[in-house]
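Enquirer: Protein chains in written order, with this note's numbering: chain A, 145 to 894; chain B, 50 to 200.
I should point out that these hints are in silico values taken from the structure, not numbers from a laboratory.
Backbone N, C-alpha and C define an ideal beta-carbon position, used for all residues, glycine too.
Be aware that a few hints might be false.
[Stated by the list, open to error] Below, a list of computed lysine to aspartate or glutamate pairs in the DMTMM-like style, where the Cα atoms sit at most 20 Å apart:
1. LYS383(A) <-> GLU367(A)
2. LYS440(A) <-> GLU125(B)
3. LYS195(B) <-> ASP409(A)
4. LYS441(A) <-> ASP67(B)
[Claimed, not checked] Beta-carbon label-pair distances, calculated as ranges:
5. ALA199(B) <-> GLU239(A): 25 to 35 Å
6. THR69(B) <-> ARG365(A): 43 to 53 Å
7. ASP172(B) <-> ALA534(A): 56 to 66 Å
8. ALA448(A) <-> GLU129(B): 53 to 63 Å
9. LYS443(A) <-> ALA199(B): 26 to 36 Å
10. ASP172(B) <-> PRO561(A): 52 to 62 Å
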Amino acid sequence: MEKVTNKYDRRSFLKSSALAGGGLMLSFSFLTGFKRSDGSSDASGLNEGWKELVGYIQISSDNVIKLICPNPEFGQNVMTSLPMILAEELDVNWEDVLVEMGPHDNVKLGPQFTGGSNSVRMYWRPLRNAGASARQMLIKAAAQTWGVAASEIKTNQGILSHGSGKEANYGEMAALAAKLPVPKDVKNKDVQNFSIVGNSKKNVEGLKVVTGKPLFGMDYRVEGMKIAMIQHPPAFGMKLKSFDASQTLKMSGIQEVFSFKLYEDDFEQGGFDTRTFNELIAIVGNSTWEVMNARKKLKVQWEAAGELKQTINGRGGKTEMIIPGRLETTANQYEMMAEQAKKPARQLRKDGDPETAFKNAAQILERTYNAPFLAHNCMEPMNFFAHVEADKALVAGPIQAPGWMEPTLSKLLNLPPEKIEIQMTRMGGGFGRRAYAQYAYEAALISQKVKAPVKLIYTREDDMTYGIYRPMYTATYRAALDENKNLIGFHVKGGGIPESPIHENRFPAGAIDNYLAESFEIPSNITIGAFRAPRSNFNAAAEQSFLDELAEMMGKDPIEMRLELLDRASKNPVGERNDYDPKRYAGVLQLLKEKANWKGPKEGNVSRGVAAYFCHNSYAGHVVDMINKDGEPYVEKVTSAVDCGVVVNPDAAANMVQGAVVDGIGNAFYGGLRHQNGVSEQSNFDKYRMIRHHEAPQNIDVHFVKSEVDPTGLGEPPFPPVFAAVANALYQNTGRRHYNQPFMTEPSSI
Amino acid sequence: MAKYNLNINGVKRSVELDPTTPILWVLRDHLNMPGTKFGCGIAQCGACTIHLNGMAIRSCQLPVSAVGNQEITTIEGLSENGDHPVQEAWIEHDVAQCGYCQTGQIMTAAALLKNNPKPSDEDIQATMSGNICRCGTYLRIKEAIKTAAAK
Ligand code: FES
Ligand code: FES
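All chains, please: the whole structure from these sequences, using the hints.
Expert: Okay, structure coming up:
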């Protein structure tokens, strides 16, 4: 038995639930989040007499058990997996619980951040403790009622019982239990005794999804709501000069057109308050189609924005940034990166004496890798609902980080945070994009101006051309071999627009005596942000392709070569700050080798590529099997191995890995946003190529390392190694190494 | 502005609006039927798929003026309780990740099976390639269609 101390105190729960108010739980979007596990009924009418035991658990006197999911759902299945953890420790029958998306309430429900593959990892202990605490409180209530010792009471799937024959369900004891203090120390179950966690459970919103229920921000609606769209500058580096809305205002259903500033010029931005354009035009009307059409009639004059100064007060402290004014073009962006790569860069890590190693090398392998901006292209375009009144505001929509947007919203609206209610709808994808809430701020400012409930909608074109993109990256890898083909030196120098990708303490750092990592950045007015496994998604692509080529040069099998390096890092590591656990990393490669039945990179007409990577505290690897179909390289099958600790919901976890594989193949082959004088060359799916059904593999076989380690990330880790596994298979298939993404339309300008 | 009597999921619905309004927005904005999704607006993603006389079409491209009294079926009318074989297969295979594309996928798949009850892998690929799933659930979509076809 593990004993842990409960960090949560009852007073903060009670205080915040009084703040939140009883009605909040059942407002529009949460009602639709409600579901019996058989999908049969809504919870309306069940809201009588809920007793809150801990912030995440409410039980009614007629024994309905409601589990609150703290974190917003964007397809990673947290609305199922997080309540599973609660149910496990509470000891209830999974089929009997209701699951509800919680309101935004950081005091009561924790950080509520979906991103960084953190949801299960961050909530694993708190939710286990919450479930165990509530169970303990129910036991204590029964002990008091029956006049017996708590230690003599057992629970079994929601039933309390005592040797004397006394029995009660949780509902009967809930009222008394809710009055008891939350215990300080609770015992968690042993992992071996889990009966819910580790067993696949279907998505609790599955039925709602397949019947088209209003789950998403796009579906959010209140009576009398107006529809708003924005017009943003056509190019990065441009700003509004003047506009004439006379024709727009003549169109039917149009109420108001005005320009507004998202942030005042001297506004101190939070770390996630990306400022793409300073000033926007809002068009507000009755219906989407009317507003869309009216927007086309706007006559706008734009001008160069020039250089801008921004103050950002993020997690790393306050920084001043100068944003250049130039209008960027893709070919020049690649040139800028190549130029900058020749200049001295910032040293991030140095082990041994890499200069001498390279000077004495018998052979040197040097390769440069490049990757473009990527648009997130969440299937549900950005949108948000806002109803801002004089003394309070309600905002609702798809958001990954409600806690980060709250302080900014408070400043922009000049309302105290407790007067701002944030509701999180199901998200039609996120991939990092929805951690940046500027679309929610826009909705709120528009609502404040027109004094009405408003839903702001981005079209696909708005979404793709007004993005927070995956940065553009470059990295040059060098390896030094002695005359016996031993690896004696390793050097990586990487940079990007506007951010560097390098993780200096990742593999193969720690496995090579002489090692150097360097980094550079090129500022830009093209706004960027987290994209599924930030930085890792490029590093893995470059490094794991490089290691494949290096293994070939060393005359070694690519898996064996990695295992040898990991063995070195395990037995005799170089340096002290290596991020990864070489044994777990090797474990994934070994599992992969076994499950893929790996004998080498070529089997008949099948070309095989392998890659593995560590990020977000987890380890993932793939073997990609490539053939030619209709004259094009096609990934027919993928074998995947992942070590993410305990797997909470295995089938859903496999789904996530399969999705990451498809996403990786799609972006490796086709992904990329190009610019011409600051204008995005692609603005919709006719030009921005997304992987489609017939391009996805026939089979993706997912295996997890059996583990009792606390769960680590899963949404991101399987994504980065896909790119290199594809590149390495492509080499076997075509005989040519691919260094520049996207591989199917390798940019000729590099 | 013009008045239209539409036949949606077997029910007559009257709307008065701009004749160029795509059925997608008629459903979503005017009839409060948000199961049909907006993804691209240019017939590239399939999120807005509905049935017109039993055929899968992209509702973002269908102006209300072109419908007349043809039968429209949306996800809300595919079955009473979500028990259409395709919906059941979707749940059995736990297809959805974010779920946003799935009503469009289901409508395309349901029309496919209606016209071709035992589709080959190639038939499935050819038909489903008009529906983008950003979350990459294609494999499970294929499996779910096969399960539904077997029923
Ligand atoms: S919204 Fe109609 S096909 Fe994309
Ligand atoms: S499930 Fe997210 S787009 Fe298909």
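Enquirer: Are there hints from earlier that the structure breaks, and if so, what are their numbers?
Expert: 1, 2, 3, 6, 9
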